[in-house]
Amino acid sequence: MLEIKEISAGYGATEVLHGISLTVEEGKITTLIGGNGAGKTTTLNCIMGVVKTLGGSITWKNRDISKLKTSGIVGMGISLIPEGRHIFPQMTVMENLEMGAYNRIDKKEIIREDLAWVLDLFPVLKSRYKQFAGTMSGGEQQMLAIGRSLMGNPELILMDEPSMGLAPIIVDEVFDIIHKIQNMGKTILLVEQNATLALSSAHYGYVIELGKIVLKGTGQELLNNPEVEKAYLGL
Amino acid sequence: MLQFILNGLPMGAIYALVALSYSFIYAASSVLNWAQGDMVMFGAYVGFTLYQVFNLGFTPALFISMAVVALVGVLIQYSILRPLRQRKAPPINVIIATLGVSIIIRNVALMIWGPDAQLLPSPVSTKPVATGILNITPQNILIVVVGLLLMIIFQYLLKQTKEGKALRAVAQDRYAAMIMGIDTERADRVAFAISAALGAAAGILIAPIFFITFNMGAGIGLKGFVAAVVGGLGSVPGSITGGFFIGIIEAVVGGQISSGYRDAITFVLLILVLWLRPSGLFLKKKGQKV
Amino acid sequence: MPLELNILTIKGISVRFGGLQVLNNIDIQVNRNTIHGIIGPNGAGKTTLFNVITGLIRSDSGTISLEGKELPYVKPYQLVSLGFARTFQNIRLFKEMSVLDNVMIGQHIHTPTPIFSIMINGKKSRHYEKVAKEKALEALKFMGIEEKAQETVSNLSYGQQKLVEFARALAAQPKIILLDEPAAGMHPTEKANLLNIVDRLREKGYTIILIEHDMKLVMNICDMISVLDHGKVITQGRPEEVRNNKDVISAYLGKGEYVNARNKRN
Amino acid sequence: MKKNKKIFLMIAVCVLILTLPLYINNLYYLHIINLAGIYTLVTIGLNLLSGYTGQTSMGQAGFFAVGTYVSALMMMNFNFPFLVAIIIGTVATAACGLIISIPAMKLSGPYLVLATVGFGEITRLVLLNWTPVTKGAAGLTGIPYPEIFGLKITSEGQFFYLILIFVILGTYIAVRLAKSKIGRTFSAIREDDLAAEAMGVPVNYYKIAAFVISAMFAGLAGGLFGAFSGVASPDNFTFDDSVAFLCMSVIGGNRTILGGIAGAFVLTIISELLRVFQGTRLIIYGFILIFTVIYMPNGLVGIMDNIKKNYRKNNKINE
Amino acid sequence: SSSQESLEKILRIGVVGPESGGSAQLGQGQRKAVELAVNEINKNKLAGEWKLEAVFQDDEGNPTKSSSATNKLIQESKVNVIIASINSSSTLADMVVTERAGIPQITPGSTGASITEQGNEWIFRTAANDSFQADALVKYAKEDLGITKVATFTASDDYGQSGAKLLKNAIEKYGLELVANPTYNNGDKDFKPQLITIRDNGAQAIFMWGLYTEAALISNQSQQLGLDVQLFGASGMAAQKLIELGGDAAQGLILTQTFLPDADIPTVKEFVQKYKEKYNEDPIPHGAQAYDTVYIIANAVLKADSSEPEALRDAIRNTQGLELVTGNPTFNEQGDDIGKRLLITKIDGNKFTLIKAFETK
Ligand SMILES: Nc1ncnc2c1ncn2[C@@H]1O[C@H](COP(=O)(O)OP(=O)(O)OP(=O)(O)O)[C@@H](O)[C@H]1O
Ligand SMILES: Nc1ncnc2c1ncn2[C@@H]1O[C@H](COP(=O)(O)OP(=O)(O)OP(=O)(O)O)[C@@H](O)[C@H]1O
Ligand SMILES: CC(C)C[C@H](N)C(=O)O
Ligand SMILES: [Mg+2]
Ligand SMILES: [Mg+2]
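Chains as they are written, first to last, in the numbering used here: chain A, 1 to 235; chain B, 1001 to 1290; chain C, 2001 to 2266; chain D, 3001 to 3319; chain E, 4001 to 4361.
Extracted from the complex, chain A is given alone in its bound form (with noise of 0.2 angstroms):
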């Protein structure tokens, strides 16, 4: 269980996390939405380790992870699908899966298994093994950032918008995917643009609104909140 409590951040001077929490269950599918530069993704970064926390707590498996360095966050099971994609534009689709896996220390058999999977779930990506990945496509490159998280064999999978970008049938396999690896008892915490994609497939939602958690419930209390209703699940 990932629980955050009262974190704040900021970049330089500006604070724009004001005490933030909230906790994602164990093999759950929880979401975190909210309008443009609400803060989102500076709290996933939070709990990568990325940006550091200012006050507060990040507790995962029972320790305070706010203080660790990101390569021990990584260590620990947490993995990130960034936000703007962030695959490695000079290494070849094959190399930045690679990189996926760098932290794991399992024989190099389950490793090449786990590829197997991700390449059968994407198969551009396998006709594309050889290609520069900054060559390709801006849907293609998001399909390997969230391949390249999976190599890295998570328990926690912070998701930053992982739709962006991709086709309508893309999204379904894509979220289709989410709930395959949380059957597989993963644990993700999905920020997500498209809310009530978002919300219909989370057992428990926030919504955050200038750097503060405004609103939280089930996904389904959520998506029938007339609030949430008005402010993000417009057009």
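Source of the hints: derived by calculation from the structure; they are not laboratory data.
Worth double-checking, as some hints may not be accurate.
What the hints assert, rightly or not - To spell it out: a stretch of chain B is covered by chain A in this simulated footprint if at least three of its residues, at any positions, have a beta carbon under 8 angstroms from a beta carbon of chain A; those stretches are: (1) 1157-1166; (2) 1169-1180.
To be verified - In silico BS3-like links for lysine-lysine, alpha-carbon gap of 27 angstroms or less: (3) 3003/D / 2130/C; (4) 4043/E / 4274/E; (5) 3309/D / 2095/C; (6) 4032/E / 4303/E; (7) 1088/B / 69/A; (8) 2148/C / 212/A; (9) 4189/E / 1127/B; (10) 1127/B / 67/A; (11) 2148/C / 3309/D; (12) 4009/E / 4078/E; (13) 69/A / 108/A; (14) 2216/C / 230/A; (15) 1162/B / 108/A; (16) 67/A / 5/A; (17) 2133/C / 3003/D; (18) 5/A / 61/A; (19) 3179/D / 2148/C.
Where a beta carbon is used, it is the ideal one built from N, C-alpha and C, also for glycine.
Guided by the hints, dock chains B, C, D and E with the ligands onto chain A, whose structure is given.
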């Protein structure tokens, strides 16, 4: 002509080695380290001291000196590059900082070892075993052999091993590398240590034939940088080719055309090469797309 | 189709990267004052098509004509004065500059550079600067972000940056605006805002070519849609035609389980 | 009220600068100030090139050299008056800028650095080896004192005003350029040249322009330098000198014109002040460089900006 | 300060030299020798009531820095006379300053011809006279060794280039054939291309003009290439280090110098002994010249009994009858010391041995 080309080879091997140390650090940290030439000098002096004061032989001196200079590299990473990174300083600041390092190392060396040139005896002979067109001296063979050996090792490390790939990943996207669980700080440290050690190795290899002076880093550093860039910064085969390319061009131009304008002509050729291949001989602009 | 309706004709465009045929004999006609959607699976070649139109990539064959005149092979910046402006799939703003300056760069081709007047800070140069600034502010206002004019771009949120990029393209006063996934990563209310903006631009007489994966948005707003798959146009037509096309469903839209889940709600 | 204060302050600074030679009677200080003034012109140009347009140059000493030699030779060999000579020198330097910009516009990062280093070295080696014209390693001696409208400039004090005029002129031109559409376009190219191109900016022309402009600043500075020092040799224009210019530009802050001025003055003066440390002074200089780029990432001007911002913030709170 | 002077007569000597940078070894050698000389003179009251005080500034071998340093010495340290500098380019820049300020300047290191050709009455030179050296070397090569085909191989700096010119003149004068005249840049490491050219043109001798590091490398590399030539050099490279670095490749190298540590001359012996005592190393020739320069100044102030620049200048010009380490200095109209001793020496084992000595007057 042929003899000029052949005579360019040992010089080329040295340039290649120094080029490699630039390339390595660039491939892993995207840093242009202007103090690289001074690592060569420092390595040579450490080797010299080990030999003079402690009477150590060539091989132990080589390895100890590589280790000592690697430590200096780590120190630079820790005390200079790390704070620069934390403050997200632009690349030009890193260049200026390493320029500062270069000035410091050079003048510290001047204080310690004085202004005179020093001689580090060769473990093998510097006299030719065969004269004529090919002037092969054992020392030159040593340079080329040890140099090539190091280059092959590093090509392997960088391209084939997981850690090597991790270093490249760090250079391409630090944030992404971080969330892969790569310790980017450590990667920087490793890159600085290794390329400093490479520089030291170059220093010890050339000291027996070129002597050691506190400002030898300037010339050799610049030539090594030229070789690295012309081959394609970050590419091991590029650095090697670049090194030999410069070595041979210098020999041919210096012997056949004009010794005074030798470096000028070399630079004109280089600029022409870059004009035709803006990322060096061995790199294509790959992985770029709008 | 009457000629005057047509503004852009893409004919037989093919592009190949190494062994990969990314665009294969593309024919698309875009009508004046319409919003033309381009959709298709990831990697279909949509962005590549944009790159060809804006001169960043040279096609292996085929022609593109604007208002009946074939476009010459020129530098990308020269195409801007012919009437094209674009946004990028990965935001490409001038990050360390202010929002206003970013948008004023969009004005580049419309602002003369009177060197002498600049030197003496003369009337002429001040006038041009003033006009450029006003126009830029106007574009920002149109996007609804004029209060961010003095902010450095890197301090803006993703959604706001997308709007700045849009404003910058608008400032070039093009005949055709090419938008590459403008809504990606945007919050629903901002999407609604975007839809509104695009609508108003159509009213103003602009022609817009839009790449987008948000079907709700595309179907709502586009007059015509071309669907690309594997570098080929598999179908074109009005939104309702495209939506129900079997090929489009199987290659792109899918069963729509999750997308439909959302559609149900509205 | 506030505005009055500002104007008063500006007038005070102007008067202070204008009367400097009157109360600095130590000619050594004046000499250093004059030298810094000449360097200012180089760094201003370099800031337009490296800071604004993002084209790092490590070969600025080459342009400086061309300006010095051409102007001096015009005066010495053809008896051209000073002003004409430095104009010819500046034009010649501009031509060099044009030539180097052709390969340079295709390059970036270390590749560009190398090309500019190459240019600097090529220039120096030509000066060294083209003996019939450049007098080789010995260089030019007896470069005549400048004479402007019958007034002969010989003393440090007179040079002060001559250099001041050019610095003011140069600063004015640079500021105008920087604040205009041209400066804005330069910055856009620095940030993302592809996006700039896609917005209609003829990127290559602007890169050429940046090179030519920065070359002209360096060339003008060179013309003054030759007349000021009376001698010039290839040793004045080494790679180390190019590096020193770059350091001035970065240490002062290369994204503003003021930064160039600050950098030239501060580094020139500091390296003289450090003379008291004798043997360790270069080591200290190295540490100063490192310290500044770490703790003042935007240069001295960046610090001033921060202070200003804080001051404003505090004032706001008080008000 | 005038009241101070009346109590104790102080003569301030400003010394500029490259104590760091590429020619640091020359600048530091100069500094050590000047310090030694000043101490002796003060201790032994060799300048009568005058006490010498030396102020040192580093110019890094950079002419601009050099002229700033000279300015500082004159304006701030109020020196009465300047010893500056080693690199000709620096000396030329300093001369502008000293002339403007009207302060006498003596250069113990710079050999560039143009220095004393400018009609500047404030400059003096105690450096070795290169034209005598070139002449003596070529003459010796022809008359004593019977060499006919020669090459010059010179540094591209001012020292090397003026050397090249003087050598060429001498070679023509004595009717030898110059078959190749390549140059190198200071800091170069590889000289084989030029050496191959020299070899292929059939030279019997190479006249080098430059500093010891490069000279040693040239010796080594010509041995590696199997060149069968006699090497010649001039005072710029005369240093114990040349023997050390050149190893057996430098054996037999013939060079001219003004100062030979082992020479059987009382002043030389004394100087070398004192220098070794103080610094535990051999002095360099430039050091000897700088040492003598201080003595010339001391003599001048003693004679003039004034620290007024003009009086000093005239006294220096009239220097006479001094028996110093590198000869008995006398200055000609241009300010060149024409009283230098000139020695042709040969590297033999671990030291230079004397072949011939000239008094150049
Ligand atoms: N690197 C940064 N430097 C300064 N401010 C930043 C930085 N990154 C984000 N911010 C600011 O922090 C706030 C929160 O940003 P964050 O990226 O966490 O929002 P978000 O909820 O992920 O938004 P979006 O949906 O647009 O991705 C925003 O106001 C943003 O401008
Ligand atoms: N330089 C290149 N080298 C090799 N393949 C490339 C290159 N550029 C693009 N491609 C390939 O061309 C195909 C089309 O890319 P494009 O970016 O046009 O797709 P897209 O339709 O915009 O996709 P998306 O919706 O995911 O952005 C992709 O499969 C991509 O991998
Ligand atoms: C012998 C050398 C030290 C001479 C000095 N390099 C000069 O320029 O004159
Ligand atoms: Mg975000
Ligand atoms: Mg795309």
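Hint by hint, here is what the structure shows:
{"no.": "1", "hint": "1157-1166", "verdict": "holds (count 3)"}
{"no.": "2", "hint": "1169-1180", "verdict": "holds (count 9)"}
{"no.": "3", "hint": "3003/D / 2130/C", "verdict": "holds, 24 angstroms"}
{"no.": "4", "hint": "4043/E / 4274/E", "verdict": "holds, 14 angstroms"}
{"no.": "5", "hint": "3309/D / 2095/C", "verdict": "holds, 21 angstroms"}
{"no.": "6", "hint": "4032/E / 4303/E", "verdict": "holds, 26 angstroms"}
{"no.": "7", "hint": "1088/B / 69/A", "verdict": "holds, 18 angstroms"}
{"no.": "8", "hint": "2148/C / 212/A", "verdict": "holds, 23 angstroms"}
{"no.": "9", "hint": "4189/E / 1127/B", "verdict": "holds, 17 angstroms"}
{"no.": "10", "hint": "1127/B / 67/A", "verdict": "violated, 61 angstroms"}
{"no.": "11", "hint": "2148/C / 3309/D", "verdict": "holds, 18 angstroms"}
{"no.": "12", "hint": "4009/E / 4078/E", "verdict": "holds, 14 angstroms"}
{"no.": "13", "hint": "69/A / 108/A", "verdict": "holds, 26 angstroms"}
{"no.": "14", "hint": "2216/C / 230/A", "verdict": "holds, 17 angstroms"}
{"no.": "15", "hint": "1162/B / 108/A", "verdict": "holds, 12 angstroms"}
{"no.": "16", "hint": "67/A / 5/A", "verdict": "holds, 14 angstroms"}
{"no.": "17", "hint": "2133/C / 3003/D", "verdict": "holds, 25 angstroms"}
{"no.": "18", "hint": "5/A / 61/A", "verdict": "holds, 14 angstroms"}
{"no.": "19", "hint": "3179/D / 2148/C", "verdict": "holds, 20 angstroms"}
Hint compliance for this structure: hint 10 alone is broken.
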